[in-house]
Amino acid sequence: MLVKTIFSGFGGQGVLMMGISFAHSGMSKGYHVTFLPAYGAEMRGGTANCTVAIADEEIASPVASEPNNLVVMNAPSLFTFQNKITTGGSIFLNSSIVNEEPHRHDVKVFRVPCSDLAQNLGNIRVANTIMMGAFIRVSAVVTPEIYLKSLETIMGSRKKALAELNRKAFMAGFECVNET
Amino acid sequence: MAKTVFKRPKSLKENVFHYCPGCGHSIVHRVIAEIIDELDIRGITIGVPPAGCAVLAYNYFDFDMIEAPHGRGPAMASAIKRSLPDRVVFSYQGDGDLAAIGIAESFHAANRGENITIIFINNAVYGMTGGQMAPTTMLEQKTTTSPAGRNKTLDGYPVKVSEIFSQLRGVTYLERCMVNSPANVNKTKKAIKKAFQCQIDGLGFSLIEILSPCPTNWKMNSVNSCKWIDEVMTKEFPPGVFKDNIAEAKKASEAE
Amino acid sequence: MNKVLMSGNHIIGEAAIRAGCRFYAGYPITPQNELTEYMAENMRNVTGGIFIQSESEIAAINMIAGSSAAGLRVMTSSSSPGISLKQEGISSMAACELPGVIVNIMRGGPGLGNIRPSQGDYFQATRGGGHGDYRTIVLAPASCQELADLTMEGFDLADKYRNPVMILADGMMGQMMEPVIFKKPKPRVYNEKFMLRGAGSGKSKFIHGLILDPIDMEEHNWKLARKYAVISKNETHYEEYKIDDAQMVLVAYGTAARIAKGAIKRLRSHGMQVGLFRPITLWPFPELQLRDLSSKIKQFLVFEMSTGQMLDDVRLALQGYADIQFHGRPGGAVPTPSELANVIAKHYKKND
Ligand SMILES: Cc1ncc(C[n+]2csc(CCOP(=O)(O)OP(=O)(O)O)c2C)c(N)n1
Ligand code: SF4
Ligand SMILES: [Mg+2]
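Protein chains in written order, with our numbering: chain A, 1 to 180; chain B, 1001 to 1256; chain C, 2001 to 2352.
Same shape as in the complex, but just chain A (with noise of 0.2 Å):
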């Protein structure tokens, strides 16, 4: 098993943070990961994106040519990637914010409104943690268990209201798609 996803959206969405988290369950499960940003003068404009392996075994490029799944916060990041995904792979929309519909017919593509759910809960900062929760039922690699452990150790034990922000968060990402 070999499971690589681009994260991407603007900077400031917290596209980094849904990476490392993401990773870091993975690790917790006991897989291979690992998780490359984008840096330097991509960051140019604004824009943001990491790439994240899991495997099964030794992963040999960090690089996703042909990601299995793309989760994309703005309009920009589905024209930027959406042709490298492989057939059969998965498009994670925010569909607060990206109306224009992808070109690939050979992916399944599931619209999650988090910014607009964000806003629901009262902090628009949380719209990442609600993709996760789409993300993390579609793609099955790691329980919804594991990813709020891993996402409460990077976010620090410090802010138990946080904590439970993001814990709701999840929760309405994790019901708003139904799994596969």
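Note that these hints are calculated values from the structure, not bench results. Do not rely on the hints blindly, as some may be mistaken.
DSBU-like, lysine-lysine: derived pairs with alpha carbons at most 35 Å apart [as the list claims (entries may be wrong)]:
hint: 1; chain 1: C; residue 1: K2183; chain 2: A; residue 2: K149
hint: 2; chain 1: C; residue 1: K2184; chain 2: A; residue 2: K168
hint: 3; chain 1: A; residue 1: K159; chain 2: B; residue 2: K1227
hint: 4; chain 1: A; residue 1: K84; chain 2: A; residue 2: K29
hint: 5; chain 1: A; residue 1: K29; chain 2: C; residue 2: K2184
hint: 6; chain 1: B; residue 1: K1013; chain 2: A; residue 2: K84
hint: 7; chain 1: A; residue 1: K160; chain 2: C; residue 2: K2003
hint: 8; chain 1: C; residue 1: K2346; chain 2: A; residue 2: K84
hint: 9; chain 1: A; residue 1: K168; chain 2: B; residue 2: K1219
hint: 10; chain 1: B; residue 1: K1219; chain 2: A; residue 2: K84
hint: 11; chain 1: A; residue 1: K149; chain 2: A; residue 2: K160
hint: 12; chain 1: B; residue 1: K1219; chain 2: C; residue 2: K2003
hint: 13; chain 1: B; residue 1: K1142; chain 2: C; residue 2: K2184
hint: 14; chain 1: B; residue 1: K1142; chain 2: A; residue 2: K149
hint: 15; chain 1: C; residue 1: K2265; chain 2: C; residue 2: K2227
hint: 16; chain 1: B; residue 1: K1142; chain 2: A; residue 2: K160
hint: 17; chain 1: A; residue 1: K108; chain 2: C; residue 2: K2265
hint: 18; chain 1: C; residue 1: K2265; chain 2: A; residue 2: K84
hint: 19; chain 1: C; residue 1: K2184; chain 2: A; residue 2: K160
hint: 20; chain 1: A; residue 1: K149; chain 2: B; residue 2: K1219
hint: 21; chain 1: A; residue 1: K159; chain 2: B; residue 2: K1219
hint: 22; chain 1: B; residue 1: K1194; chain 2: B; residue 2: K1243
hint: 23; chain 1: A; residue 1: K29; chain 2: C; residue 2: K2265
Chain C residues, not near chain B, derived (Cβ > 10 Å throughout) [as the list claims (entries may be wrong)]:
hint: 24; residue: G2128
hint: 25; residue: K2186
hint: 26; residue: K2223
hint: 27; residue: K2233
hint: 28; residue: R2315
Since we're looking at a predicted model, the values are computed, not measured. Each residue gets a CB set at the ideal place from its N, CA and C atoms; glycine is no exception.
Mind docking chains B and C with the ligands on chain A? Use the hints.
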């Protein structure tokens, strides 16, 4: 009849700047291009961009340019000027480039009185590499390599390039400006124009220091960045003319 | 032991601090800024930890030379253009037999190049790099775990041989995160007589590289050469991967070796018996071990993220006993394992 009040200077290419919104580099680029147009020296100008956020300046300036290794711009510019004395040669440098790794090159070019111009962008951080402490970082200012704030005991003091360089006898014209308001941009333009004219007239070394916003690494919006220049930076780096030997130099050259 | 997820740059910093590094000097340059920043943040939290952001790489290398002479475990880091500036100081440290760890997170070159991963500094690293007749021990990690292990080992080797040690990795290794376990570092073994800490009431000493008398200079050079011979004999490390039944062997290090392993898995699933020889020390190069392989294997393919530098060492090692092919990707594009597998398959068929 419609009158054109804003158009692209000839010395700027059509490319869109890659600089962050609110960045001082874009403003200074435009100012330099306008001056070069006005002085009609596009064809004889050679610019030396640095390693720094302005490393891609040659994508924007439409005259000859050659990249220098980090900090070595003044050495390169000195040599170009000596090889081609009738060209207008300037080096464009950040604070890390000029006042840290390249302090030797800039200091000695100034001290030799090279007939070149240095445009010095002081934004109090290393912009390109992601906001580390620069020689010009303010005391107490937090950066990624001064996480507790710049500490005078450990990191020393902000380097006052204009004050120091104005002591060098090789320097003819030296002014510190700012680009945080339309009026200050106009002052900056006058200063740079004067520096270029000084060089064209063969009167020797000129340096224009420009306090310039870096909203990205200061983690402020543009408006607050401009305010921060006024309220914080100018306390350490007061604007003004630090040296003007143009008249004397003129007299001396006429006497020769 | 605790497994943690960290980026390569941070891992080097953490491993160094755990290994007892108490002096770090550096100058910002991408793609290793996170290491400098890690040291800025964390050196201040360890007793005796010193961090200086130097005014240039030239200053940084001379700072660590000074602190090393004073007896501290020292490190500096940079990326390709900055490493060029450090060469004068590295030569000096080798001459004065000062231990220290120098990290090069390679980027594209020559010149300012770009900030993508590259392996273009192999010659510079393994041939001494600066002026004079000297060698630098060069360690080439291929995973985040190895970054941790080899950084710690680097300090031990530097002390043991009183010689600069270079950790040679690339932008991808620096930026990438992988799980890592920090092993317990060995206690430091370094004789106080080599430290310069003031004569007190004893005899004063001095450390120097200037030796004007040619016979003395010659003797010093031979002394260093004998030390390098001992290092070559004792400290050569490499990994063999699926070599036993291999018809063809790839030679690659660092990131390139990771990609090569991926390619080999694909090739083997198509029945091609390909293995990997991965030097872990680039100097000393595992020359004899590679030559041994040529008694049964006649096809080698060198893969580097450069136009062919380690290739020279492979040629020297194999001395014409086997066929050597080369595939290079300079410039920062990291090829995919399947891309590389296709290239190898062509060579494999051709020679079968
Ligand atoms: C020898 C060397 N060391 C380090 C670097 C990396 N580097 C590129 S630009 C820069 C500093 C930029 O800061 P500054 O000069 O203040 O310019 P700014 O980006 O703020 O305009 C550094 C350290 C390099 N290119 N070469
Ligand atoms: S990082 Fe700062 S100096 Fe660089 S382009 Fe952005 S605002 Fe300008
Ligand atoms: Mg700067």
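Minimum Cβ-Cβ distance from K2223 of chain C to chain B exceeds 10 Å: For K2223 of chain C, whose nearest Cβ neighbour in chain B is about 35 Å away, the distance exceeds 10 Å, so it holds.
Can we confirm that no CB of chain B comes within 10 Å of the CB of R2315 of chain C? 32 Å, holds
Could you let me know if the closest chain B CB is still more than 10 Å away from the CB of K2233 of chain C? Holds: least Cβ distance 39 Å, greater than 10 Å.
Between K149 of chain A and K160 of chain A, does the CA-CA distance stay at or below 35 Å? OK: K149 of chain A and K160 of chain A at ~13 Å, within 35 Å.
Keeping to a limit of 35 Å between CA atoms, is the pair of K2183 of chain C and K149 of chain A held or broken? 25 Å, holds
Are the Cα atoms of K160 of chain A and K2003 of chain C separated by 35 Å or less? 24 Å, holds
K2186 of chain C: least C-beta distance to chain B exceeds 10 Å? Non-interface label on K2186 of chain C holds, nearest chain B Cβ at 30 Å vs cutoff 10 Å.
Under the criterion that the straight-line Cα-Cα distance not exceed 35 Å, is the pair K2265 of chain C, K84 of chain A satisfied? At roughly 22 Å apart (the allowed maximum being 35 Å), K84 of chain A and K2265 of chain C satisfy the hint.
Decide if the proposed pair is consistent with the structure: K2346 of chain C and K84 of chain A, CA atoms, cutoff 35 Å inclusive. It holds: about 26 Å lies between the C-alpha atoms, which stays within 35 Å.
Within 35 Å, alpha carbon to alpha carbon, are K108 of chain A and K2265 of chain C? 29 Å, holds
Between K2184 of chain C and K160 of chain A, is the straight-line Cα distance small enough, at 35 Å or below? With Cα atoms ~33 Å apart, K2184 of chain C and K160 of chain A stay inside 35 Å; holds.
Are the Cα atoms of K29 of chain A and K2265 of chain C separated by 35 Å or less? Given that 35 Å is the threshold and the Cα spacing comes to 24 Å, the pair holds.
Hints 2 and 15, counting from the list given before, are not met by this structure.
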